[in-house]
Each structure stands twice: as C-alpha cells, then as structure tokens.
Amino acid sequence: MTLNRQHFAKFQSLIALVVLCIVLSCLSDKFLTVDNGWNVMRQISVNICIAVGMTLVVLTSGIDLSVGSVLALCGAITAGLMKNGIEVHSSNLYIGFTLLGAILAGLFTGAGVGAFNGFAITRFKVPPFVATLAMLTIARGLTLLWTQGFPISVFGEKFGYIGTGWFLGIPVPVWISAIVVLTAVVITMKTPLGRYIYAIGGNENAAKLSGINVSKVKIIVYSMAGALAAVGGLIVTSRLDSAQPNAGISYELDAIAAVVIGGTSLSGGKGTIWGTVLGAVIIGVLNNGLVLLNVSPFWQQVVKGGVILLAVIIDKANSKSE
Amino acid sequence: MTLNRQHFAKFQSLIALVVLCIVLSCLSDKFLTVDNGWNVMRQISVNICIAVGMTLVVLTSGIDLSVGSVLALCGAITAGLMKNGIEVHSSNLYIGFTLLGAILAGLFTGAGVGAFNGFAITRFKVPPFVATLAMLTIARGLTLLWTQGFPISVFGEKFGYIGTGWFLGIPVPVWISAIVVLTAVVITMKTPLGRYIYAIGGNENAAKLSGINVSKVKIIVYSMAGALAAVGGLIVTSRLDSAQPNAGISYELDAIAAVVIGGTSLSGGKGTIWGTVLGAVIIGVLNNGLVLLNVSPFWQQVVKGGVILLAVIIDKANSKSE
Amino acid sequence: KDNSKSAKPKKVAVIVSTLNNPWFVFLAQTAAAQAKSLGYETKIFDSQNNTATETDNFENAIAAGYGAILFNPTDANGSVVNVNKAKAAGVAVFCMDREVNSTTGPTSQILSDSYSGCVNLGKYFVKQMHKKGKYVEILGIVADNNTWNRSKGFHSVVDYYPGLQMVAQQSADFDRNKGLEVMESILQAHPDIDGVFCGNDAMAMGAYQALAAAGKANKVKVMGFDGAEDAIQGIKDGKILATAMQFPKVMAQTAANYADEYFKGKRDFPKKIQVGVEMVTGKNVTDYIAYGKKN
Amino acid sequence: MLVADHITKKFPGVIALQDVCMELHPGKVNAILGENGAGKSTLMKILSGVYPEYEGRILLQDTEVNFANPREAQGAGIGIIHQELNLVPHLSITENIFLGREITNRWGMLDGKAMKDRTRALLDKLKLNVSPDTLIFDLKVGQQQVVEIAKALLTDCQVLIMDEPTSAITESEVEVLFGIIKELRDENKVIVYISHKLDELFKIADRYIVLRDGKTIESGEMKDINHDTLIHKMVGREINIIRNKGYEATTEPVLAINNINLKHPENQKRDLLKNVSLHLCPGEVLGIFGLMGAGRTELLETIFGLHRAHTGSINIKQQSTNFRSPGEAMKAGIALVPEDRKKDGLLLNLDVKTNISITTLDNLQSMGLLHDGKEQQLAKKYIDSLKIKTPSANQLTKNLSGGNQQKIVLAKCLATQPIVLMLDEPTRGIDINAKNEIYKLILELAATGMGIIMVSSELPEILAISDRILVMAEGSITAEFKAADASEDNILKAAIPKNL
Ligand SMILES: Nc1ncnc2c1ncn2[C@@H]1O[C@H](COP(=O)(O)OP(=O)(O)OP(=O)(O)O)[C@@H](O)[C@H]1O
Ligand SMILES: Nc1ncnc2c1ncn2[C@@H]1O[C@H](COP(=O)(O)OP(=O)(O)OP(=O)(O)O)[C@@H](O)[C@H]1O
Ligand SMILES: [Mg+2]
Ligand SMILES: [Mg+2]
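Chains as they are written, first to last, in this note's numbering: chain A, 1 to 322; chain B, 1 to 322; chain C, 1 to 295; chain D, 1 to 500.
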C-alpha cells in the first residue's frame, strides 16, 4: 500500500464520479447546490460506515453479507433498551438504560455478532460467504423476535441528534462517517494490523509463515465490520426516531458495490478505503440524481445497474494494475 | 473429476441431510409421507435449476447474483408474449406467439442476459460479483418496465402443465429438474467443456497456457446459468399461472447456499453437481420441516440460518480435502 | 359436533403476504390469536411478498393437515391457483384484506378496499389543497400491485383537477428511511411543494421528518395510508394531515370466527364482505387507535 | 529453424529484453544461460505466445510468425515447460496432462481410459510411480515438475522449450529426463534448455547462448568453452565459488530435537517423520540431504511450529519448547525460508519493502503507528546487503525474477534476527552468481554465531558449505557425516529408500 498506489486507486474511481457529476449538473441546476451536497453526504453516511467495514473484510479476501441484518438488529436493540430497558417478569427484575448505555449495548452487539462470524470462519473453516449468509438470516430473525415485528419509536431530542443534528455547520452523521473513514485509513495505512490485513488477503500462507496470527486478525476485522454496521444502525434509527424491523435489507449489496466500484479486488489484498468512499459517493450521487431528475422508478433500476457497470469498466480501463 | 471424488462430496452433505431427516421424522409424523416427499421435490425444483447453473459458474470461480431477476424477467417475457404477443402501435404491427414460441423467447432472453454477463466479465474484466450485481438491478428494472409493475395472468391448461402437471406419477417440475441435473452431470464429468470449467476455476493461468479459450468457456457458462434461471422462471410462472414482477427476489442466495452446502468451493475448481442437488434438498427439507413443526416464522429464520451454518460445519469436519 | 368428534383440535393456518411490515404482522397475529382463543391450533406462514413462496406455504399447510386457512394473498391473480389447490384438498380459505380474483375458490373474502379508501383520501386531499398547488406522490414497492391500487384510487380523483400538479412520483419501497431520503432529494428539486401523498404511513412519517428537517413541515400537507400507531399519533400532533384506517383487527377476527363456524358445519358464507376503510383526520382522530377504533 | 530477430520487450519499469538475436538449431540442445533477471523466461514466453506484444520478429522455418496466444504456438509445434509450475491443483495428473487436448470418443464424450493409459505410459517413461488419478494437490513440488515435463512430452512438437525443468527434481529424475532429451534431439527436434546448473549443461547441451541484462552476449558450441569462461560471460566478471573452511562445533547446541514423530495429516498410517533427532550448534552449518519426499520439508516445518500433532521434544538453548504457531517459533529466534517462495514466502502483489518488513512490524512502530522512515531503512539495508536487483523498494515483488524473489524471502527472515536459520532448498532456481552470494551470506551468518540448517537436493552445494551433513530417507535420518568424510556416493547411498 504505497501512497502512489493509493492515490492511483482514488484517481480511477474519481473519473467515474466526475463524469457522473458533470452529466447530472448539466441535466439539473438543482444538483450542484450546497444543500444538496449535504443531503447526499448525509444519505451516504450510513453506507460509508458499512462499506468501510466491508472493505476491511474484503481486503482479507472475505465478505460480510450480514451487515444489513446486523444494522437492523443493533438499531432495534439500542432502541428497545432505551425505551423499555430489560424486564424479566419471572424475577420481576428491571434494568433501565441510559442513552449511552443503550448505544454501547448496540455497538457491542454488532461487534459480538461480527466476532461470531469471524470465529465460525476461522475456527470451523466455514467460507465467509456462507457464514455471513447464515448470519444474515439469523440476525434478521433475532431482530423480528426482539421487536415482535413492530417498529420501536420515540426516544426524544438527545438521541435524535446523532442522525439529524448539526455540528459546526456539518451534519452529525457526516462527522461520524468522516471519523470512521479517517480511523480506517490510519489503520490500513499506518498500523501493523492494517499491514496484516493486506498480507492475509495477498497470500494467507505467506502471512501465516511470517508469524502473523491470521485467525486473530480475521476475527478482529469481522468484529469491526459488525461494529460499523451497528454505527450505521444507530444513525438510521436516530434519523427516523424509530427502529424499523425491516431496516437495512440488501444494504450489503450497496456496501459491496461501493467497495468494488472503489477498485478493491474481491480476491483480497488490493484496495483502499479512499476508493470505497468514492464508490459510496458515486452510488449516493446516482440515487440522488435519479430522484432529482424524477426518473421513473422502473427506469431508475436499469440506469443504476448500468452506471455501476460503467463505473467499473471505466475503472478497469484506467487501471494499470492489471 | 474422478468418480471417487464425486461420491465423496456427495457423502459429506449426505450426512447433514440424513441427520436432518431423522430429526424431522422424529418430530413430525407428517414429514415422512409420499405426498410430502413430492411437495418438497416440487418446491426445490426451481432452486435446483438455478443452483445447477450457479454451480457451473462457481466452478469457474465466478458467481451469478442476477439469477433471481433473470428468472422474473424471463417468466414475465414468456407470459407477456403468450398473452399479448408484440404490438407496435406506430406501424400497427402485431406478432402473436405460440406457447412454444413464447417459451423459447423466454429461454433465449435468459441465455442472452447470461451471455451479456459473461461478455462484461471476460471482455471488460469486470469482477463477476459486480457484473452480475449490476445485472440483478438491470434485469429487475426491465421486468418492471415490461410488466409495468403488474402481474401478467391466465394462460390456461397447456402452459400450466409445466408447473403443476404430473407425468408417469411424477410432477413435471421434478422431471425438468431431473433432466437439468443429469445433463449438467454429464457435461461436468464427461465432456471437455466440463473439464475446462474445472481447470479455469482451479488455475486460470494454467488453463490459458494449456490453450483453452477461457473467455469462450466463461461466456458459455454464464449463458447456461441465465438459461437455467429462465427455466426456473417458466416453472414458477406456470405454477402460479401468473408472472409476478417481484418473483425470484433473493433466489440467488438460496442457490448459492445450495451450492456451498453441497461442498463446492466458492474459490472455484472444486465441487460437484450432485453436491449441489443435496444442498438444495437440505434447504428444501428444512423449509418444509420448519413449517410442519409449527415453528414461528421469526424463529424459522434463526433456525434456518443456524442449520445452514451447521450443515457446512459438519461438511467441513468430514472433508478431507482441506 | 366436529370438534368433539376428533380428539386433536382442528388446525387453522394463517398465511400472510409478508411480515416485513407491521400492518401485516398485526393482521396475522390478531387472526392467529382469535383462532387460538376459539380453541384451534394455529400457525402463521410468511409468504415474504413472493407468490411462489405462498404456493409452498399452501402445499406445506395442506400436507400438515390444516383444516382452514386465514389468507392474506400476495397477488389477486397469482394466488388463485393456491386457493383452488386448497379447495381441492378440502381446506376452507378465508381471504383477509386483499382480494383474489375467484368467486369459487375462497369460502369467503373479508376485504378492505384500498382503492376506495384512497378515493376518499384523494377527495380530502383536493379539498385541503383548495384544488391547486404542487404535490409529490411517494409509491410503495413498485412490483407490488397494492401500491398501484392505492395510487390509482388517489389519482382517480385528483387527476380531474388541473390545478393540482404532480411534480414528482418516486418509490420508497414502503420503507421509512427510503421515504425520508427520497423526500430530502425531492425537496432539492421542488422546494415549493404543497402536499405529499404516500403509499403507506411509514413512508409518510419519513417524508414528514424530511420536511421537518427542511423547516417546511407546517407548509406541506402529508397523507399516509394504513392507520399505523405513528401516523395516528402524527395526526394528533398535527404532523400528518390524514391517513386511511383499515381495520385489520376486524378483518382478522371475522375471518377467524368464520373458520370456527365453518368447522361447526356452517357453509353459506357471504362471498365478499367489504370492511369499510375510514379516513382519519385531525377532526376524528380521537376515535381511533393504532389499526382500529377505540371501543 | 527458430530465429529470434532483434526482440525487445519492455515491462513497466524494466526493459526485460533489448534487441536480442539468436538462432536455435534443430537436432541440438540449445542451452540458454544468464543470471536471474537476464530475460531468459521472458524470451521463452515470447517464443511460446504468452506475450504477444514485443518488438522484433520471430522466424519459424524462415517464415515470420506472431503468436497471439499459447494455443497458436502449440499449433505451430512449439511446446514449453514453464519455469513456474502451471498445473491445476484439484485435477488429477491425467486431467492436467491432457488439459486442452482431451481425447474424446465419437459422441464427443471424454475417453477417460485412453487418456489414463497414455498418462501411465508417460509416467513410466519418466519413472514417476504414482497413480495417474492422483491430484496434483497431493504431489510435492518435485513430482509436480515431472508432471509438467510429461505434459510437454505428450504432443510431439518441433520445438521443445524447457525453462529450468530440473529446479525441483533430484539427480535420478534428471538422468531420466536427459535420456528423453537425447532421444528427441536424435529425432532432429529443436531443444531449448534453460538451467542454472552448469554441470547439467555441460552434460546435455550442444550449443550455448548467453544473455546478460536482457542482451545477447555470445553464442557458440558447448565443447569450445569451459566452466569458468561461461560463468565469466554470464556474470561479466570473475567470481570464485565459496567453500566452507570447515569448523568444529564446540559450544552447547542452540537447537536440539529428540525422537520427533509425525503422522500424515490425513492418513494416520503414513509416517512423515520417524524418530528424528538432531542437534545444531551456534555457528554451525548443518546440511540435510534427501531425495524428493524424504521428509525434509516436514522436519523443518515441524520445528517451525506448523505441525502441532508431532511427538518428541524440541529444545532451544536447553529450554524445551512446544510452539503452537510460527509466530511463537519466530519469537524464540527461529526463522524458516520455505521451499516454495511463491506459495509460502512472498506477498507477490505487494512491494519489496512490505515483504521485507512484514515479519518485524512491531519493531517499526512508534506509538502504534508504523514509522515509514525506519521501514525504508530496513528495506534499503537488505536490498543493499543482499544485492536485490529491483528498480526500487516499491516495486511489486511479482515483477522480480526468481533469484531476487528468493533474496527477499531471505531478507524477511533475517529481519527477525534469528538464532537459528532454516533454509529449505534456498538456491532452487537461482543463478550461479546469486547462489554464490547466498553461500557467502550463509557462511557470514554462521560466522556471527547463527545456527543454520540447509535442506538441499543439490549435492555439490551441500558438500560445499555444510560443516555436518545429515541424510534423510522416508522420514528418518539414515546417515550423518562430517564435511570431511562426506562424499557424493556415500551420501547418495544413504539417501536411497531401503524398500525400493
Ligand atoms: N510481468 C512482469 N512485469 C514486470 N517486469 C517483469 C515481468 N516479468 C519479468 N520482469 C522483469 O524482466 C526481467 C527478466 O525476467 P525473467 O523472468 O525473464 O528473468 P530470468 O532470466 O528468467 O530470471 P530467472 O533465471 O530468475 O528465471 C527481470 O528484470 C524481471 O524483473
Ligand atoms: N500436504 C501434504 N499432502 C500430502 N502429502 C504430503 C503433504 N506434505 C508432505 N507430503 C508427503 O510427505 C512426504 C515428505 O514430504 P517433504 O516435502 O517433507 O519431502 P522433502 O524431502 O521436502 O521433498 P522435497 O524435496 O519435495 O521438498 C512426501 O512423501 C510428501 O509427498
Ligand atoms: Mg526465468
Ligand atoms: Mg521439501
């Protein structure tokens, strides 16, 4: 991960993005406005959080399909604890939760689920695709059980700040995603852990023989992915002031799309966080643009798929790394 | 693919299946009945068709996420043509379609979409995951455009036979899936094409250096996957006597689950059709069993995920190939 | 009577189009609860908005020996085969909320007419907008025919008023978050809208939150559909202009009771009952609670 | 017959070939010599259609050809054994040998029996007695290389290129191969033979062509030239082969293992190691010789903590240890240079710097963050001291030639400052000069008091630099010699498995 390579990966997806923006701002004068800018940023913040976690996983040549369900589960748990705490009727025990307590509980759930994924993958050699596919179903089921299928609503101002507040003229979710991104960049570029992630993705055998504790690194990475999904869950729940049991369905696909458009190779070992961020921006801009132009919902899907394909093709065309 | 290896893969997932069946027949007297047997078989026939195509793709170390949407698209096209034919109002031209014509049109659409996937993957080096992810969206969009979001219904007895008829005491869908399976087995075990599929998945570079036309093989494989998705589309449409615009959503996941439970490695080059069939049966039996046991729908998802995970773990535990 | 004859209690299946939407969860659970209270073993099947899955559910239910099915179809036409299959197997089917296009198949259909409900909403909308202004429609899942019934009902009225101009029609998949995001984007293109019609309450709440965040909450009139808890509360608080209250509870309980009578031997059921869809506005909101009337 | 005319090939950052001219004569074995990175493989890949883009012309029987892909080259009768093994791991030997040229019956179905028979014949010819149904995955590097040879021999081609075909196989198989080469030569085929083992070349080659830094230096008849001048032409300067001056182990052993036993991971009836005991003193170079499959790699891997299932004891500095992972072994001061550098040694898609530093990142960080300067220093230190030929520390390792890749693996092991260094076939596929440098290095390291175990299938090098020599056969140690009393034939005797 020398810097030049990183800038390069950026550069590639930038082309796609720039092209897209030019086209859109020609088609709609509403597109290139400050407000709309914040809009897009706020809307992609969730996908960015998830996609960053996904990038780490993919760099180890893994994949995490469970993020969408985990997002829903953690959102619901935080909401539930905040609203009702824990009641055990039998031994009529009641535990109330502070805002912070509930939030932490949510995050830990996410990390825990992630760790479980990592454990299944490393200890039992279950292919990541399957382990997390199973978790996708399990976590969704748990969400429905926890919520009984009904949304959990109304937690008041304080919690709402996470999703809707502004700080120094910038929406809070944007701050959150920015922090997530910067941390991830530092980890991948500047820490041994980051190195190990790339090494494992590049050649797991060699990594092992270089004395790297592969299992440990993988479990950490999947836990991070889970925790970041939980962060996404917090933002969504707080924005809606309500935890929806069906939140986050198929978010994993958006995240993976962002990762791949960002030039990260699904076979692992190659890619950057910056690339993923740009991938997420491309998707966000696209969604926003299609609505601004009031494209028919039918056509939207066709266009969206087409653009994703195109973005990657441009990307490949410019990529010297092949 | 020497036979012993094939039997072996079978053997692994068989364990999981047998365990499952024993458990279920202990828990419910309704489970081990002839009727229920046909039920399960009929229900999995669609997934089997898709999963067989998926197996071929995965063996080349690719993946096809678009099958669900392709299924919907092809079903809708067959239905639409059967019902309305093609009308071009401008040059008031009208083309009617016979039953067979409409069916063929559907199948060709499927193969065509698949070929497009293969083309994007080989010619533009788009990662299969992305190319087919994009196609997932595009094909869904096209389905909506073609149906305008409304189901297309009522084609009468003849067509219904495909999905609901019986032949020699066996449901027609079961016949279809059986034929699909056997053909695929012959291709993978007995033809050069099959050999190339395994070779490409095992070591693409070596395959190239051995003079195999990798791009051609891949395009063929993705076309097959598309065509088989179309077959699934026919069965579904005919069973319902109606083409649903939202048919097949997330079928790709079931198919992939079947493939992996069946012991095919997602990194390609290793696996068998028989394995996949057993994977599909396991999933089918599971869905059926959970219902017979009257498990609450929320719990069902948890259990289902858990069992899939377990199946693969058992499988790994018995697998000598690692 | 039948009941006493067989040792085992008769079994009643509840097959519902989806459990990803609280309204249907409520419908299914009420039906199941009612049937249970009448002494039947019950089970809920989730068709996940997929008619093929619904077919599987029917086959499994029949195989598992259920005597009656309280049925919420995924599709008016696609579900017909399933109903007929059940009938052929001697299993009575009682449709709830959504209709199947078959007079012979279902023993009885207890329906709430989304279309006419939206016609009323449309009329009220026109009145509130004083026949003029720009408005936005937010659709549900575009592959779901319920989405279109509602949209059509609404437009069957509104489209007669040239003064009312639909500046954007977008889908938010019946999802609250999508409703919020879509609305945010639309507001960029059309800051000057006066009304929003949403295919369900979740999207209405999302749209409202977008408007509130943009400080337009009090200028723009938001309408939903379903009568969900949040929406009722929203109308009380003056956030939402109106919603259409269907009565899942009534439908579910009627269906369950019919099934009970069916087992007890009754056969002549009304082919169709329309459970009226009532419009909830600021005026009458106090008479309502989530998914039903106060009583 | 086959003529390369002013061929130039550029890669990003490197000019691999610079108008190279050469003529390959039929009925002769044409040896191509050159250091690592001289451009030998690149040239062969061009001749065999792997690289369609290049400047210059290729003439086959006086007509210009330009192969778009390997298939066309095959069609034109050019067969090649690539330097890197190109086999499909999970296909059987038969399936690999016939890949792309399957025999089919009249219904277009595969004729398994016919193919299996042909394969068995080939394997017998090459004296490799394993079932044709064996998966490549279960073969050792050496056995795989024999399969590669068989694959090239299947179709009778006019030109047969062999790029280091003997890098992984031992004397006995080499003899077999040479027999076959002679036959082909007598059938008037063009044989191109690339190897770093000069003595082999003097045995088999008729003509030589020397490449240096991508340029043709000279070509001529093998009989008109001697060992040293040839080396001189390759390297461009005199070098004198290092010899170990001999050394008596006096101090306490730094590594001592007793009665190590190891069963085959999948089949418990097979022993990979049978009560192996050995000791190693600081500053000692212990050579371990054995034929393919003797169990040497398993031995090193076991010491390195890769096979936890073993019995017996491993003591380091008199402390008994039981490593559960390579990481622990490395902390204890043990380093392993693995046998297969591409598979187990390198992160091919990452750059040189990253590869070297990966083993010691903990020492390269300040406040949890990696210190770029320190890392660069480390890389530079080893690039210089091991004379790694690379444009920069940021070059991707996959673009380096075999020899330089091997040096990188060595570097990353040395970076951990081990007290015991284990090398498995450290000079496989490495040119005479690089080899020499590595010998020198090994002896220098020994001189600093590092204990060194070197596994090798090349007798000369074992004899050249070991203080003590262990011979393994079938998983157990069959003989031990002082460097002084060791000779080629008493070592070989000990190496031949008894039940054969
Ligand atoms: N794919 C590639 N991309 C960039 N540079 C390459 C590539 N392949 C080879 N090179 C460079 O071209 C030069 C010649 O490489 P080549 O493999 O032909 O050397 P060689 O003579 O075969 O060495 P060895 O004896 O170690 O096999 C080397 O400097 C190598 O770094
Ligand atoms: N993973 C494995 N699967 C199957 N057989 C194996 C495996 N590893 C080693 N073997 C077998 O164990 C025996 C010892 O192999 P090992 O590589 O240690 O021998 P070696 O002396 O290192 O030979 P080489 O010169 O090929 O390295 C050989 O017969 C080999 O075939
Ligand atoms: Mg070479
Ligand atoms: Mg070895």
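Note that these hints are calculated values from the structure, not bench results. It should be emphasised that the depicted structure is a prediction, and the values quoted were computed from it without experimental measurement. Take these hints with a grain of salt, some might be off.
Unchecked claim - Only pairs whose alpha carbons sit at most 20 angstroms apart, straight line, appear in this in silico EDC-like list of lysine to aspartate or glutamate:
1) LYS216/B x GLU72/D
2) LYS216/C x ASP35/A
3) LYS216/C x GLU204/A
4) LYS28/D x ASP133/D
5) LYS87/C x GLU204/B
6) LYS223/D x GLU252/D
7) LYS208/A x GLU328/D
8) LYS190/B x ASP199/D
Hint by hint, here is what the structure shows:
{"no.": "1", "hint": "LYS216/B x GLU72/D", "in the structure": "16 angstroms, holds"}
{"no.": "2", "hint": "LYS216/C x ASP35/A", "in the structure": "15 angstroms, holds"}
{"no.": "3", "hint": "LYS216/C x GLU204/A", "in the structure": "55 angstroms, violated"}
{"no.": "4", "hint": "LYS28/D x ASP133/D", "in the structure": "35 angstroms, violated"}
{"no.": "5", "hint": "LYS87/C x GLU204/B", "in the structure": "55 angstroms, violated"}
{"no.": "6", "hint": "LYS223/D x GLU252/D", "in the structure": "51 angstroms, violated"}
{"no.": "7", "hint": "LYS208/A x GLU328/D", "in the structure": "11 angstroms, holds"}
{"no.": "8", "hint": "LYS190/B x ASP199/D", "in the structure": "46 angstroms, violated"}
Of the numbered hints stated above, those contradicted by the structure are hints 3, 4, 5, 6, 8, listed in ascending order.
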